[in-house]
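These protein sequence lines are chains A and B, in that order.
First residue of the first sequence? That's 1 in the UniProt record's numbering, and the numbers climb one at a time after it.
First residue of the second sequence? That's 1 in the UniProt record's numbering, and the numbers climb one at a time after it.
Bear in mind the hints are in silico, worked out from the structure with no lab data behind them.
All of these numbers come straight from a predicted model, not from anything done at the bench.
Glycine included, every Cβ here is placed at the ideal spot set by N, Cα and C.
Possibly wrong hints are sitting among the right ones.
Which chain B residues stay away from chain A? Per the calculated CB distances, all over 12 Å, these [as the list claims (entries may be wrong)]:
#	residue
1	Ser14
2	Thr17
3	Gln166
4	His319
In silico DSS-like cross-links for lysine-lysine, where the CA-CA straight-line distance does not exceed 30 Å [unchecked claim]:
#	chain 1	residue 1	chain 2	residue 2
5	B	Lys58	A	Lys117
6	B	Lys58	A	Lys140
7	B	Lys289	A	Lys181
8	A	Lys108	B	Lys119
9	B	Lys90	A	Lys108
10	A	Lys233	B	Lys90
11	B	Lys58	A	Lys108
12	B	Lys117	A	Lys117
13	B	Lys119	A	Lys58
14	A	Lys119	B	Lys140
15	A	Lys119	B	Lys117
16	A	Lys117	B	Lys119
17	A	Lys90	B	Lys71
18	B	Lys71	A	Lys119
19	B	Lys233	A	Lys90
20	B	Lys71	A	Lys289
21	A	Lys289	B	Lys289
22	B	Lys90	A	Lys117
23	A	Lys90	B	Lys119
24	A	Lys90	B	Lys108
25	B	Lys119	A	Lys119
26	A	Lys71	B	Lys119
27	A	Lys58	B	Lys58
28	B	Lys58	A	Lys119
29	A	Lys119	B	Lys108
30	B	Lys140	B	Lys5
31	A	Lys184	A	Lys289
Pair ranges (Cβ atoms, derived) [what the hints assert, rightly or not]:
#	chain 1	residue 1	chain 2	residue 2	range
32	A	Met193	B	Gly133	44 to 54 Å
33	B	Glu107	A	Pro327	33 to 43 Å
34	A	Leu326	B	Glu316	44 to 54 Å
35	B	Gln129	A	Arg34	52 to 62 Å
36	A	Gln323	B	Ile72	22 to 32 Å
37	A	Arg34	B	Pro70	44 to 54 Å
38	B	Pro105	A	Leu326	29 to 39 Å
39	B	Lys117	A	Leu43	37 to 47 Å
Number of protein chains: 2
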Amino acid sequence: MVKRKDVAKLAGVSEATVSRVFNNVTPLREETKRKVLDAAKQLNYYPNAIAQSFAKGKSRNIGVIVPFLPKIHLLSTYYFSEILSGIGMKLGERDYGLLLLFQPPNEKKDYVQLFHKQKVDGVIILGSQDTPGETESLNKLHEQGFPYCLVNQTFANFPFHSIDAQHYEGSYAAVSLLVEKGLKRIAFLNGPMRFSNSYERFAGYKDALKEAGITCSSNLLFEGNYSRTSGLKTAEQMANYMSEIDAVFSANDRMAVGLIHGLSELGYQVGQNYAIIGYDDSDIASLMKPQLSSVRVPLFDMGQQAAEKVLAMLDEGIHSPTQVRLPVTIIERDSIQMSEKEMD
Amino acid sequence: MVKRKDVAKLAGVSEATVSRVFNNVTPLREETKRKVLDAAKQLNYYPNAIAQSFAKGKSRNIGVIVPFLPKIHLLSTYYFSEILSGIGMKLGERDYGLLLLFQPPNEKKDYVQLFHKQKVDGVIILGSQDTPGETESLNKLHEQGFPYCLVNQTFANFPFHSIDAQHYEGSYAAVSLLVEKGLKRIAFLNGPMRFSNSYERFAGYKDALKEAGITCSSNLLFEGNYSRTSGLKTAEQMANYMSEIDAVFSANDRMAVGLIHGLSELGYQVGQNYAIIGYDDSDIASLMKPQLSSVRVPLFDMGQQAAEKVLAMLDEGIHSPTQVRLPVTIIERDSIQMSEKEMD
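Required output: the full structure, derived from the provided sequences and hints.
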């Protein structure tokens, strides 16, 4: 295991200087700081000792960051409630408290101060987005060796600890399934690209169409924000293109529900005018008529594994960055069956 | 406002003794303690100063107690997720953290120690039950003047702070509605009586039948534990009495869903063989076919008001115990319409 003295040697500074850099207490020359951080990175050094020193006054709370969105019953959504249930299960077993911390999505984050204030022993981050401010704050958390884990967000250029799902593969499989059913003109209702899983779904969609020799028309690309309302609003735009659409791939079930409702009001029915497949396999999918096909994401397990990971970091220290991807499953239901008349 | 010296005078002890009782630091004779607590109760004295002294090291966290039930995705249930969304909304607005604390339902609780450990500035208690251990722990919290609030549980003999709903009225109205539809033989699937709202639902059910001149047969009383599985299991028992049953009143929607599913497997269908009304008006109620009638409980508002109440106690001190009851609304849907043939 890499020690403080190894970093000091490579950076050409004293061990005390290494500590000062990671403790962030005394002012240091930018150049010295850079040298130490570069050496630490090169050696894969994680200053557990520092995290441990804060942990002396252990709170036995794990912080869970969730976006604060006024007027949205966020915790009532299948997505957040399943992840939280999984986290809660693990923390409950180990007698840890789950500290929900609400953060307005567009405010500057400072995750490290949560540790300095001794509010938490570790942190799990939901709803993280690929923005410069967010990346900077996560990088600080990572470099200073605090126990943390992202859920359902992966950063292409940073080795942040994360538990994610195989969204590229899931989207590829969902779109390929529609193609196999003879549904070739496939509209895509995606979420914002600042979420890595929107980006990955788009890549899966594009590649599946390409593989099938289908040209992806930009007319058939729509964007919502993963809410039911955004699906409902999209119906009006999509209605203009229904003569060009055989099927819809929706990046989550909530948007699919809104879209189905909106299109129905405008005279377009699932199974008669179009097929649809959602994503997440939330509890409503099987309760709808026709039942909604979907891509099952193991959100509960992802929450459990994120909590396990953070607790393991507390118990055993942080050894190396890990990105975990859990598999997803296609759940085939009635919403991708077109009535025979229409398929003639 | 009642002061410490008033309590000292009435109890016939020194002011320091009063403080010692409420601080719970030094050992005291049981008799002295009793005298002081009785005097405090008689005068409606709440030792805010003590709560404030702990609050000096404010955590800016509000604790939310939830039952720890392994294998149950508790936070994914409509009931808990809506209350938590409401709490979270208020706390998020005021920049407080929500500390979820999981407590195994059958373990001895010690709510006061949460304050001593300075983990929380106030506490909101969900899933509280009327058991001797629970009552004792709540009484300590109450007498020592800590900011707290119960949600959806009222204790008949203790003036604990609570936000509840009008469950007696809701149940009375639900059962009366079935009677008005000509459905007179009404089975009742209730939850356990240690929850005050089960008790209140039973009282509303009984009184509505009595008012209508209908004798309530104990054959038609069933008990589950508010889970879907318990509703499913009840189907087997209820099936033996279906010839005596016109309608079912279920104490929540989750049990209703399980029951409907179970009865359907055994050959009994809603609208043909029986009518049914649930409780909570969860999101699934309107998605089912036929749509489930239900009693809408303002769970989100209850969560918001509980958080507001605890924050107000922190800001302004605790003046007097308050029990709030929010109104509920009957939501009539297809599940209480019998097909005409059956009603002949």
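A quick look at each hint next to the structure:
{"no.": "1", "hint": "Ser14", "verdict": "36 Å, holds"}
{"no.": "2", "hint": "Thr17", "verdict": "33 Å, holds"}
{"no.": "3", "hint": "Gln166", "verdict": "22 Å, holds"}
{"no.": "4", "hint": "His319", "verdict": "29 Å, holds"}
{"no.": "5", "hint": "Lys58(B) - Lys117(A)", "verdict": "11 Å, holds"}
{"no.": "6", "hint": "Lys58(B) - Lys140(A)", "verdict": "26 Å, holds"}
{"no.": "7", "hint": "Lys289(B) - Lys181(A)", "verdict": "28 Å, holds"}
{"no.": "8", "hint": "Lys108(A) - Lys119(B)", "verdict": "25 Å, holds"}
{"no.": "9", "hint": "Lys90(B) - Lys108(A)", "verdict": "21 Å, holds"}
{"no.": "10", "hint": "Lys233(A) - Lys90(B)", "verdict": "28 Å, holds"}
{"no.": "11", "hint": "Lys58(B) - Lys108(A)", "verdict": "23 Å, holds"}
{"no.": "12", "hint": "Lys117(B) - Lys117(A)", "verdict": "15 Å, holds"}
{"no.": "13", "hint": "Lys119(B) - Lys58(A)", "verdict": "11 Å, holds"}
{"no.": "14", "hint": "Lys119(A) - Lys140(B)", "verdict": "26 Å, holds"}
{"no.": "15", "hint": "Lys119(A) - Lys117(B)", "verdict": "12 Å, holds"}
{"no.": "16", "hint": "Lys117(A) - Lys119(B)", "verdict": "12 Å, holds"}
{"no.": "17", "hint": "Lys90(A) - Lys71(B)", "verdict": "11 Å, holds"}
{"no.": "18", "hint": "Lys71(B) - Lys119(A)", "verdict": "28 Å, holds"}
{"no.": "19", "hint": "Lys233(B) - Lys90(A)", "verdict": "28 Å, holds"}
{"no.": "20", "hint": "Lys71(B) - Lys289(A)", "verdict": "29 Å, holds"}
{"no.": "21", "hint": "Lys289(A) - Lys289(B)", "verdict": "8 Å, holds"}
{"no.": "22", "hint": "Lys90(B) - Lys117(A)", "verdict": "22 Å, holds"}
{"no.": "23", "hint": "Lys90(A) - Lys119(B)", "verdict": "20 Å, holds"}
{"no.": "24", "hint": "Lys90(A) - Lys108(B)", "verdict": "21 Å, holds"}
{"no.": "25", "hint": "Lys119(B) - Lys119(A)", "verdict": "8 Å, holds"}
{"no.": "26", "hint": "Lys71(A) - Lys119(B)", "verdict": "28 Å, holds"}
{"no.": "27", "hint": "Lys58(A) - Lys58(B)", "verdict": "16 Å, holds"}
{"no.": "28", "hint": "Lys58(B) - Lys119(A)", "verdict": "11 Å, holds"}
{"no.": "29", "hint": "Lys119(A) - Lys108(B)", "verdict": "26 Å, holds"}
{"no.": "30", "hint": "Lys140(B) - Lys5(B)", "verdict": "21 Å, holds"}
{"no.": "31", "hint": "Lys184(A) - Lys289(A)", "verdict": "24 Å, holds"}
{"no.": "32", "hint": "Met193(A) - Gly133(B): 44 to 54 Å", "verdict": "53 Å, holds"}
{"no.": "33", "hint": "Glu107(B) - Pro327(A): 33 to 43 Å", "verdict": "37 Å, holds"}
{"no.": "34", "hint": "Leu326(A) - Glu316(B): 44 to 54 Å", "verdict": "48 Å, holds"}
{"no.": "35", "hint": "Gln129(B) - Arg34(A): 52 to 62 Å", "verdict": "58 Å, holds"}
{"no.": "36", "hint": "Gln323(A) - Ile72(B): 22 to 32 Å", "verdict": "30 Å, holds"}
{"no.": "37", "hint": "Arg34(A) - Pro70(B): 44 to 54 Å", "verdict": "48 Å, holds"}
{"no.": "38", "hint": "Pro105(B) - Leu326(A): 29 to 39 Å", "verdict": "31 Å, holds"}
{"no.": "39", "hint": "Lys117(B) - Leu43(A): 37 to 47 Å", "verdict": "39 Å, holds"}
Going through the hint list in order, the structure satisfies each hint without exception.
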